[in-house]
Amino acid sequence: MNLNFLDFEQPIAELEAKIEELRFVGSDTEVNISDEISRLQAKSRDLTESIFSGLKSAQISQLARHPQRPYFLDYVSRIFTDFEELHGDRAFADDKAIVGGLARFEDKPVMVIGQQKGRDTKEKVQRNFGMPRPEGYRKALRLLEMAERFKLPVFTFIDTPGAYPGVGAEERGQSEAIARNLFVMSKLKTPIISTVIGEGGSGGALAIGVCDRLLMLQYSTYSVISPEGCASILWKSAEKAADAAEAMGLTAPRLKELGLVDRIVAEPLGGAHRDVEVMADSLKLTLHETLETLEALPLDKLLEQRYQRLMSYGNFTE
Amino acid sequence: MNWFTKLLPSRIRTEGGSKKSVPEGLWAKCTCCGAVLYRAELERNDDVCPKCDHHMRIGARRRLESFLDEDTGIEIGSELKPVDALKFRDLKKYKDRITQAQKTTNESDALIVMHGEVKGLPLVVAAFEFRFMGGSMGSVVGERFVRAVNFCLQHNIPLVCFSASGGARMQEALFSLMQMAKTSAALTKLSQRGIPFISVMTDPTMGGVSASLAMLGDLNLAEPNALIGFAGPRVIEQTVRETLPEGFQRSEFLLEHGAIDMIVDRRDMRDKIARILSIMTHKTAH
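Order-wise, the sequence lines are chains U and B.
Here the first sequence stands for residues 1 to 318, where the numbers follow our numbering.
Here the second sequence stands for residues 1 to 286, where the numbers follow our numbering.
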């Protein structure tokens, strides 16, 4: 089994392995097999298209957490220039699960903030698997307020399983840290664009996600609780995660349909990790267009729209 | 049955079948010290155990009625009713869960809001009904909270909220998460206008409610020994794989760590809040 492929992608993995094999044969024989290779490549593409056209929520959830999925800093280096990372909450520590700093977006001064997961074991631990603690949210808060002060549009990038459930995090006021960010972001006097690039896990995601425009990558997810958490509470079994994922409708198209997401950014065939450059380019283009729309609005109008947008969330009768 | 019980004549045996002979609801047992209490006396004591001062959970409507001056409460937002827009279904349909909760609580959703007076001070007060799906915050809770804020803005009067909630209502999926942002955003308006918001956290105040409106009070108060936090203790225990310290996530723990202003006994709540609000609003309470 090829670990670069998810379980439901195994037929593609088998085809790709065959192509690799043929290439290997091709290089040391005189037989011309390039026709055969391109035939198989076309077949692999078709197969990928057909598998990816009918993905279940649970499979999209797997893609959103793919070990090779591009993380926040992979986008920062491709979309922004002059990135200067700023550290610390000035009170307790520097949380490496949230990274932020000054940067330029197409020459324009901006602030970028995002949750960062680790690639290898050491970095995963250092980044706490992308699960921020209060000091991470308070660092984000400091940068948000700085952005307001220096009139910098804010880009936030969401990719977290959720806020860290730990003793220290509770002692230092995880709830208050999240609540404070919601409070401040809802009235921050500068445009905010949030993009879910991987996992949007609960309050831990929302704490950097109150915005004027919400974008989601095609195979990212956003939900009030992880499918596993939801299943273990409502189905009394974490094994029902696939059912929970389906019921919660945590995918980009579903959330767009419900009016909770403004734009979906299409991913390359097979997911963002198959071609990070293409993914970054199309995300950059969408961010450019979105920022342009927001900057056309006078500040008071922007804030009024943000407020009305927040007030419009919900379904009820009266 | 042991030898001693067997020896006793049946009319003075206290265990087993004899439980049924006590009329339902006449007696209550303290969930903390186990003392058997006369229900009427317990109610006179605001459901605080007279033996050990344990604060038992109380319903939202009773909370509001005992907190407000007699006959001053007028409900706001009761016309708002929940709908199952997502057709959510776990082991049960969300629709059926709503109906069942409405039947057992006689409330239409988990937050009740009233405007009225406390010691002559006009205010708006909201209370979570924990028995309604764990006091979970869905669209109706969020909207009623916003209406409470709007009423305060309109009449320039303070807001008090008693929270008791497990967090966001999962059956409303991302809509329930967004109620955190919605309620927090509404509170910015009170703050900008200099209208006080006092948040009282009661047992339990967790998850999405704790991480939004409940922690955003100008004053954050708590009842004694209430469980307050973001992640549930079981989740934390599973994550850190160690037993949690004694009193973890209880009011006293929060006070020690600087998360709340004070712990207030339920029986002093009216006096305390009236006194504080009279200072904050430059008015006199009687």
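What the hints contain is simulated information worked out from the structure, not anything from laboratory work.
Beta carbons are placed, not taken as given, at the ideal position from N, Cα and C, and that holds for glycine.
Hints are supplied without guarantee of correctness; some may be wrong.
[Said to hold, decoys possible] Among chain U residues calculated to face chain B with C-beta under 8 Å, some are: (1) Phe8; (2) Ala163; (3) Gly166; (4) Gly173; (5) Leu182; (6) Ser202; (7) Val210; (8) Ser223; (9) Ile225; (10) Ile233; (11) Leu234; (12) Ala247; (13) Leu260; (14) Tyr307; (15) Gly314.
[Claimed, not checked] Which chain U residues stay away from chain B? Per the calculated CB distances, all over 12 Å, these: (16) Ser34; (17) Asp94; (18) Phe150; (19) Ser186; (20) Ser237; (21) Ala244; (22) Arg263; (23) Leu269; (24) Val278.
[Claimed, not checked] With a cut-off of at most 25 Å between alpha-carbon atoms, the simulated SDA-like pairs for lysine to any residue come out as follows: (25) B:Lys87 - U:Ala241; (26) U:Lys122 - B:Glu237; (27) U:Lys56 - B:Lys93; (28) B:Lys87 - U:Lys187; (29) B:Lys87 - U:Glu228; (30) B:Lys93 - U:Glu228; (31) U:Lys96 - B:Lys87; (32) B:Lys189 - U:Lys124; (33) U:Lys236 - B:Thr188; (34) U:Lys187 - B:Glu242; (35) U:Lys56 - B:Arg89; (36) U:Lys124 - B:Val240; (37) B:Lys103 - U:Phe316; (38) U:Lys189 - B:Pro233; (39) U:Lys189 - B:Lys93; (40) B:Lys95 - U:Arg254.
Now the hints, each set against the structure:
Checking U:Phe8 against chain B by beta carbon gives a least distance of about 23 Å; that is not within 8 Å, so the hint is violated. The closest approach between the C-beta of U:Ala163 and any C-beta of chain B is roughly 6 Å, which is under the 8 Å cut-off, so the hint is satisfied. For U:Gly166, the suggested interface contact is upheld, since its CB lies about 6 Å from the closest CB of chain B, less than 8 Å. The interface hint given for U:Gly173 holds, since its Cβ lies 5 Å from the closest Cβ of chain B, which is under the 8 Å cut-off.
Against a cut-off of 8 Å between C-beta atoms, the interface hint on U:Leu182 holds, since the closest Cβ of chain B lies about 4 Å away. Interface restraint check: U:Ser202 against chain B, minimum CB-CB distance 7 Å, threshold 8 Å, status holds. For U:Val210, the interface hint holds, the least distance from its beta-carbon to any beta-carbon of chain B being 5 Å, beneath 8 Å. Taking 8 Å as the C-beta contact cut-off toward chain B, the hint placing U:Ser223 at the interface holds, the least distance being around 6 Å.
Given hint, U:Ile225 at the interface with chain B, holds; its Cβ is 6 Å from that chain's nearest Cβ, closer than 8 Å. At about 7 Å, the closest approach between the beta carbon of U:Ile233 and any beta carbon in chain B falls short of 8 Å, and the interface hint on this residue holds. Here the hint on U:Leu234 is kept, as its CB sits about 4 Å from the closest CB of chain B, short of 8 Å. With its C-beta approaching chain B no nearer than about 6 Å, U:Ala247 sits inside the 8 Å limit, and its interface hint holds.
The closest approach between the C-beta of U:Leu260 and any C-beta of chain B is roughly 6 Å, which is under the 8 Å cut-off, so the hint is satisfied. Interface restraint check for U:Tyr307: the shortest CB-CB distance to chain B comes to about 6 Å, inside 8 Å, so the restraint holds. A distance limit of 8 Å between C-beta atoms decides the matter here; for U:Gly314 the minimum to chain B is near 3 Å, and the interface restraint holds. Chain B leaves U:Ser34 outside its interface by the beta-carbon criterion, the shortest separation being 49 Å against a cut-off of 12 Å.
Annotated as non-interface, U:Asp94 keeps its C-beta farther than 12 Å from every C-beta of chain B; the closest such distance is 21 Å. Every CB of chain B lies more than 12 Å from the CB of U:Phe150, the least distance being 21 Å, so the non-interface label holds. For U:Ser186, the condition that its CB be more than 12 Å from all CB atoms of chain B is violated, with the nearest at approximately 4 Å. Interface exclusion of U:Ser237 from chain B breaks down, the closest Cβ pair being 10 Å apart, not more than 12 Å.
With a closest Cβ-Cβ approach of about 7 Å to chain B, U:Ala244 is found to fall inside the 12 Å limit, against its non-interface label. No Cβ of chain B approaches the Cβ of U:Arg263 within 12 Å, the least distance being about 16 Å, so the stated non-interface status holds. For U:Leu269, the non-interface assignment is confirmed: its Cβ lies about 27 Å from the closest Cβ of chain B, beyond the 12 Å cut-off. Distance check on U:Val278: its Cβ is at least 28 Å (rounded) from any Cβ of chain B, clearing the 12 Å threshold; non-interface status holds.
Between B:Lys87 and U:Ala241 the CA atoms are separated by roughly 18 Å; this keeps the pair inside 25 Å, and the hint holds. With a C-alpha separation of about 23 Å, the suggested pair U:Lys122 and B:Glu237 falls inside the 25 Å cut-off, and the hint holds. Note on U:Lys56 and B:Lys93: the hinted pairing holds, with a Cα-Cα distance of about 21 Å set against a maximum of 25 Å. For the suggested pair B:Lys87 and U:Lys187, the alpha carbons sit about 33 Å apart, so the restraint of at most 25 Å is broken.
A hinted pair counts as satisfied when its Cα atoms are at most 25 Å apart, and B:Lys87 with U:Glu228 qualifies at roughly 20 Å. Annotation: proposed proximity of B:Lys93 to U:Glu228 holds, straight-line Cα distance about 19 Å (limit 25 Å). Of the pairs offered as hints, the one joining U:Lys96 and B:Lys87 is violated, with about 39 Å between alpha carbons and a cut-off of 25 Å exceeded. As the CA atoms of B:Lys189 and U:Lys124 are separated by approximately 40 Å, the hinted pair breaks the 25 Å bound.
Taking the CA atoms of U:Lys236 and B:Thr188, the gap is about 38 Å. The hint is violated against a cut of 25 Å. The hinted pair formed by U:Lys187 and B:Glu242 fails the criterion: a straight-line CA distance of about 40 Å is larger than 25 Å. A threshold of 25 Å between alpha carbons decides the hint, and for U:Lys56 with B:Arg89 the separation of about 17 Å falls inside it, so the pair holds. Of the pairs offered as hints, the one joining U:Lys124 and B:Val240 holds, with about 16 Å between alpha carbons and a cut-off of 25 Å not exceeded.
A hinted pair counts as satisfied when its Cα atoms are at most 25 Å apart, and B:Lys103 with U:Phe316 qualifies at roughly 19 Å. For the given pair, U:Lys189 sits about 37 Å from B:Pro233 by alpha-carbon distance, which is inconsistent with the 25 Å threshold. Only pairs whose Cα atoms come within 25 Å are accepted, and U:Lys189 paired with B:Lys93 is rejected, the gap being roughly 42 Å. At roughly 20 Å between alpha-carbon atoms, B:Lys95 and U:Arg254 fall within 25 Å of each other, so this suggested pair holds.
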